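Using the sequences plus the hints, can you model the full thing?
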Amino acid sequence: MDIDLIFKVAAIGIIVAVLNQVLVRSGREDQAMLMTLTGLVVVLLMVVGVIADLFSTVKSVFGL
Amino acid sequence: MSLVQIIGICIIAAAISVVLKEQKAEYALMVSLIASAAILILLVISVADKLLEIRNAVSSSSASFFLVALKALGICVLTGFVADACREAGQVSLANKAELAGRCAVFILSVPMLISLLNMALGFIK
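Quick mapping for you: the protein sequence lines, in order, are chains B and X. Under our numbering, the letters of the first sequence match residues 1 to 64, in that order. Under our numbering, the letters of the second sequence match residues 1 to 126, in that order.
No wet-lab data here; the hints were simulated from the structure. These numbers come from a predicted model, not from an experiment. Only true hints are included.
Only pairs whose alpha carbons sit at most 27 Å apart, straight line, appear in this in silico DSSO-like list of lysine-lysine:
id : chain 1 : residue 1 : chain 2 : residue 2
1  : X       : Lys97     : X       : Lys21
2  : X       : Lys71     : B       : Lys59
3  : B       : Lys8      : X       : Lys24
4  : X       : Lys97     : X       : Lys71
What the simulated footprint calls covered on chain B by chain X, stretch by stretch (three residues with Cβ under 8 Å from a Cβ of chain X suffice, anywhere in the stretch; the number is not a length):
id : region
5  : 3-12
6  : 44-56
Cβ coordinates follow ideal geometry from the N, Cα and C atoms, glycine included.
Have a look at this one:
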């Protein structure tokens, strides 16, 4: 169930890398920086969601 | 969750993070974080029903120390995950702080047991 998340994050990473190059080459460095930050925030939200699942699972199983 | 699936996830995530490493290091870290979290969730779920059986069996009897041991195990699992994530990101000092926090939590958990052990020992001496 979380396996496709790995591929989503990889896809976002590759797309951001490519778009970053495109924007830098076309002279829009600031937009490239903003786009990279946006991609990172989106990926971070996904990671936080999975880690929240992990913490709640461990808490319920081990009775923490 | 068979072992083969977990091994497969590990290899795929490692390959993807290597691909992303030189372009965007932060995404490589995110891929490995999500992969390790997913594997840990799958492992804990596959062990969950056995642990619940043990907890039900033990909670009825007086062996409350076993519940404390199970809690300590949970803390160790979480601390290990966080420490490895920090080491993966290259922050060794953060990893050590996370492990120190885990040790403190386990120590706090075990204090009542130590006290009862001391009382028992003092009872024998008197």
